[in-house]
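Enquirer: Just so you know, the protein sequences line up as chains R and A, in that order.
The numbering of the first sequence is the numbering used here, which starts it at 1 and goes up by one.
The numbering of the second sequence is the numbering used here, which starts it at 1 and goes up by one.
Quick caveat, the hints were computed from the structure, so don't treat them as lab data.
All C-beta atoms, glycine included, are put in the ideal place defined by N, C-alpha and C.
Please note that a few of the clues may not be correct.
[Stated by the list, open to error] Derived Cβ-Cβ restraints for the label pairs, each shown as a range:
hint: 1; chain 1: R; residue 1: Arg128; chain 2: A; residue 2: Gly129; range: 30 to 38 angstroms
hint: 2; chain 1: A; residue 1: Glu211; chain 2: R; residue 2: Arg128; range: 25 to 33 angstroms
hint: 3; chain 1: R; residue 1: Arg128; chain 2: A; residue 2: Tyr327; range: 42 to 50 angstroms
hint: 4; chain 1: A; residue 1: Asn66; chain 2: R; residue 2: Met125; range: 36 to 44 angstroms
What follows is the residue order along each chain.
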Amino acid sequence: MTLDQLLGITNMGGAAALSNLGIKEARDAGTAQQTALTDMANKYQSDIQFKPYTVTGATGSSTFAPGGGASTLSPQLQAMMQQLLTSSGGMFSGAAQPIDQRAMDVTAQLEAASAPSRQREYLSMEQRLFNQGRGGLQTAQYGGAPEQFAFAKALEEQRAQNALMGRTQAMNEQTQQLNIGQGLFNNAFVPQQQMNMQTQVNTPFAELINRAQQQGAVTGGELAGQGTQARIAGETQANNLRQVQLQGLLDALNAPAGGGTSFLGSLLGKLFGGGTSSTPAGFVTPTAAQQNAALNLP
Amino acid sequence: MAQQLQSVSIAAPGFFGMNTQDSPVESPPRFASIALNCVIDQYGRVGARKGYSYITTNATAISGGNGLTTIYEYIKKSDGTKVVFSTGNNKLLTGTVTLVDATPASYTITAEDWKIVELNEKVYFFQRGYEPCVYSEGTGTIQKMSAVSGSAGTPPQANEALGAFGRLFVADFTTDKHTIYWSDLLQGHKWTGGSSGSIDINKVWPRGADEIVALAQHNNFLVIMGRRSTIIYGGANDPSTMAVTDIIDNVGCIARDSVQNTGADILFLSEHGVQSLGRLIQEKSAILKDISRNVRNDITNYITLETGIIKSVYSTVEAFYLVTFPYSGITYCFDMRGMLEDGSARTTIWNKIEPQCFHVNKAGNLYMGHANGITLFDEYNDGTATYSMEYFSNPMSFGNATTLKFVKKIAMTIIGGAGAITNLQWAYDYLFNYRSSAYTLSSGSIAEYNVAEFNVGEYSTGVVITRPSINASGSGFVATIGITSEIDGAALSIQQIDVLALMGRLV
Chain R
1 MTLDQLLGIT NMGGAAALSN LGIKEARDAG TAQQTALTDM ANKYQSDIQF
51 KPYTVTGATG SSTFAPGGGA STLSPQLQAM MQQLLTSSGG MFSGAAQPID
101 QRAMDVTAQL EAASAPSRQR EYLSMEQRLF NQGRGGLQTA QYGGAPEQFA
151 FAKALEEQRA QNALMGRTQA MNEQTQQLNI GQGLFNNAFV PQQQMNMQTQ
201 VNTPFAELIN RAQQQGAVTG GELAGQGTQA RIAGETQANN LRQVQLQGLL
251 DALNAPAGGG TSFLGSLLGK LFGGGTSSTP AGFVTPTAAQ QNAALNLP
Chain A
1 MAQQLQSVSI AAPGFFGMNT QDSPVESPPR FASIALNCVI DQYGRVGARK
51 GYSYITTNAT AISGGNGLTT IYEYIKKSDG TKVVFSTGNN KLLTGTVTLV
101 DATPASYTIT AEDWKIVELN EKVYFFQRGY EPCVYSEGTG TIQKMSAVSG
151 SAGTPPQANE ALGAFGRLFV ADFTTDKHTI YWSDLLQGHK WTGGSSGSID
201 INKVWPRGAD EIVALAQHNN FLVIMGRRST IIYGGANDPS TMAVTDIIDN
251 VGCIARDSVQ NTGADILFLS EHGVQSLGRL IQEKSAILKD ISRNVRNDIT
301 NYITLETGII KSVYSTVEAF YLVTFPYSGI TYCFDMRGML EDGSARTTIW
351 NKIEPQCFHV NKAGNLYMGH ANGITLFDEY NDGTATYSME YFSNPMSFGN
401 ATTLKFVKKI AMTIIGGAGA ITNLQWAYDY LFNYRSSAYT LSSGSIAEYN
451 VAEFNVGEYS TGVVITRPSI NASGSGFVAT IGITSEIDGA ALSIQQIDVL
501 ALMGRLV
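Here chain A stands alone, though its shape is the one from the complex (with noise of 0.2 angstroms):
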């Protein structure tokens, strides 16, 4: 006898971003078990991330490179023009269309970690075991700290630079890795004299021994972070009568590029993973809110392999935090819009895009550095290669773990991705042999304004909505739905997903 068809609709599928931690039987439909190269948009569907577009046409400066490594956008002060430098193939450069090597004279480097900080209408340049640059909005050039006007003191080549508190507050040397050392006020090229000194917090790590990573401002705090504590110090705006407020034990930041302040938090990538400090500062004695949660085992199978400079960038136009781990060739998204109930962020993953570092310039464009130069996170390309964005469900059950189930049928509802060749893929019972249907998505008309073909005039909504359905074979206790689209200039949003099940026998 015929039995009833039994209907499971995903609406926004995998709005809640990436699950790989819960058990997938009993994970919301919500929860996605694979969002590669996907982002939450801002109607809460899965769609595909954008990829980049070279700014870059003339990068002989860093050609035979290894790329960029670091972007900072300065606005002049004097008349608001922007300049932008960068790092790559040991040079200190200049531009975005044409990269220009401003390297000081007789200054060779050989490393490339720089971490690039501004203070009072100069750009700072530090990397550990090198004498720190300057550039001056006055000179327009970029000098050795030590040959700028009214330097003072050993210019400290540490590692770690912020811009906080009107002074410079460096750390993380060669041999040093406990001891801060602040600037004049408003003189960060003025290390000696003045209102600069320094502290050694030794003896304050609530471990015993630890080392400085990165350093922080949040909420008129400094935020001083170890690899595995962090210490919140209070009254930093005179560090002479700074003092501890908070330390917080085993939780550290394992990577300096990977501290973000979003205004509200300080984002950072631990050794458990993704955490938010802003969190801590006002619940203070409360858990940990681990951002990343629901990826926590992956991230940290990430961190343990990475060998390269993690970067990261918190934009607030796309509204999320990027991690890249270079040696894997993967960052993950860190969704912004809002948090979910246990606190995580709604989370993807990407591959391809490999951008070696960040910066969000202040009119709110990413530029990530790449090979050949600058590039901007605007177009649906990576360059001009297509990137693959996959959506898998976590297992389904569909209520009723015991039941064999058919998938009869899987429908679809598609936003963008016009002509897209799109994979809809089904499997069972855990398993990753995935059977498939591929589909061309519309590639739509979006009319034109008073433009007629054959005097027939086309009008549509601008977006291309398609709904692919596909019969679907093969029986199991559990499904996983998933669809593969190849991205290549258009966007692509998941708005929902119909699946036809029909219930067999009891195991």
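Isolated chain R (complex conformation) (with noise of 0.2 angstroms):
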């Protein structure tokens, strides 16, 4: 081997270890900006996390937790708003059912509460027909009498009356079953929403405490941010820096020192001889791509 190819060597072995540090340099770099990125992160992770929180009153108290909130109404209310619940169910029972067996059994106790006083009627028309030898009467017009179609007339106009106002009282049953329910049922909720509004009352003072925590980690966030970029912009200035000084020294071995050679050519002439240009046999110059995959550059 000539002392060219082994300076060749040694010059190309110099830019090497010399790209390599330089990628190492980068390379730890970015990683010591990865870690502190991370560890900020992590940090204002925990900073910014919700708190839970806890609203309590009279109606109850209100829990509110990251995985949602949750109210508890105090065991009086719990059973009053049960109570009322379940009484507005049966209400609104009521009001569902068909009004046509209610109608019935309201017609029926207005039919037997006139049926006395039609008797008395009844008995007395037929006392009175009797009387008159017309017990008997049967005309194509009216039947019988016609006193007796009157009384008939008029018991049918009763009946339907009865049959009307039964109908109109089931009616105005189930209208009034469904408002009580609803009442019941809007009562009902009067607790919650008493709950509610002592929630809301409160909340703003967690939402405050909660707001605090979450600026002040979004400000310390920013904050670790703009250090960890300003500290990655100096690695990467020094890292630029020792490129350059490291190229500058390499450079430097590299320059012919009077005889046109270099003083790492002079120096490993000396200690090997022969030329400088030549390349050891078996020694294979690597490519730009090579270089490049192997500084990991694209």
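Starting from the two chains in their separate frames, assemble the complex, guided by the hints.
Expert: Right, here's the structure in full:
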């Protein structure tokens, strides 16, 4: 191997070493930057995390956690709410029932109420007809006597009226049940509403605390990010300077000293004799792509 | 020593009609014990009744039958012509001189108890167990009710029918004797719908059970006659509102065709005799006026014996009410000119005339139904036969029942009866072994104007008056005087009876 070859080798090796050093430092700087950012993220993630809080008052307590919120009424109000809901359910159930049966029941009650007087009037009419010798009267016009027809007509009218009254009453009762049910149902949630109001009143204070914490975390994160960026910039600057420094050093070593031979060449020539420009046998100069791949460059 | 003759004069003898109820001795001489084939004439005398003459000359349609049983004259509203309906020999007939079978086709009749009524230009024929028939003025024929245009409902097979208050009322069915049905207004062939109806009076009878025999309209009342009670409904012009106004217990009607409306009264035959309902209505709670009170037992006996269909008639022209008992062949005549003080009517009795039915037409003529058709109550013969008029007084004591009497002379004043053989009879002490003396009444000669016999004109008043006088014989405490005369074409009235009796010893 000639000296030139050796110099070539040393020169190439120095360049490679220099290059590797730059790569390593740059990679270390990125790693340090990633680590710093990760640490920062971890730190501020816990800082900006929602802090559960509980609002407690006369109606009960409300707890807000990251997984959701929950309200708990006081036992008395809970029992009252349950009672109102149960009652309203009954009312709704009643209101949802068909009114036919109820109408019939009311009608039957009205009929029963008027039955005695009706019976008295019928007996009186029957007595009157009998006294007049008209008990056996049958007419095509009226069926029986006109009085019997009038009685039957009045009876049917009263029955129809009773049926209408029964249905009206049943409808009124249905409406009443619905209204009562609605009232009960609405009132059943009054404690809850009261508690919500209580929670709403107290929520801003907890929100303020959370918000201050989040703001602090954001501010800290932003400051930490800026610090990291500054550090990354410094590291990059230092790395570039070192690259320059190392390139200068390498160039100095390769520069010819009096006879056209560099210091390193002369040094190596002295050590190994021979030329300096030939490449030792079996040594292959890497291609640019291979160098880029080795430097992990595109 | 000779004694003075006691004179008894009976003016208008029998003027009060028959009296078989009161004690004969005490009975006024104006009552008769027998007044057979007599009437009380317009002058208040006992006279011979009229007989009948046949209007019908062609009775082929009822040949072989039992004569006519119903007669009814209908006057057409359209032209005033008369249609005379009759029933007999199981046929519905029209005509008077010639009887024409007008029975609807395929309509079989086996009974003869028709009731014919009229309503709104239609004549209705009712008989129990038969579909009613209807004569319509429009068609001029007799049809079964179901065939009449506009008929509705089941034609009532009733025995009694009444056209009143603008509708038909019917009752007395084969199985239903207590329900009255009425038709629609003015439509006697509509028995359903409209204002038709019915009333069951089974619970109205005062005695709990009775059966309807007859219906009548009087004084705006509907009179329902049961056999033993009578129910009077007011307001029947609207049957749906009619109501009982009076119930008469124990007075009913036993014969549908005995009911006659005189205008002032309704006369009908009850179990007790002939009653007057008009008086009942007026006097309400007053005692029943028994028209036949003076012959009560006699008439109730005839009622009891009767098995046929009793018929009656009221004639305004003749002013009598006749009721006939076909089984006995007896007809009672009640004079309606005026009532006696006790409310009874002057009564006479007829035989041999034997009418099967009566009808007074619109002209006032009295039609009768006989074996050979329609007869007219006019002449003094029964067809071509003569009949006997009989008058007998009640036993007379001449004011002293304890003294023996010797009737010496009987003198009578008889109006009419020209040429009739008359027997003057007398008997003593309630016995019927009459002694008699025959006398031929003057035939008289009623002058015919401008006709002279042998140039000698005879003038008279136109009324034959005969004064027969006979010498009587025998003796007794009471004496009965009578006269029998064969009526043959001439009227006869007894104006006066004078009896001369000699008073004998005391009992």
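Enquirer: Work down the list of hints and note, for each, if the structure agrees.
Expert: Outcome of the hint check:
1. R:Arg128 with A:Gly129: 30 to 38 angstroms: holds, 37 angstroms
2. A:Glu211 with R:Arg128: 25 to 33 angstroms: Distance hint for Glu211 of chain A, Arg128 of chain R holds at roughly 26 angstroms.
3. R:Arg128 with A:Tyr327: 42 to 50 angstroms: Given range 42 to 50 angstroms: holds, Cβ gap about 46 angstroms.
4. A:Asn66 with R:Met125: 36 to 44 angstroms: Violated: the Cβ-Cβ distance is about 52 angstroms, outside 36 to 44 angstroms.
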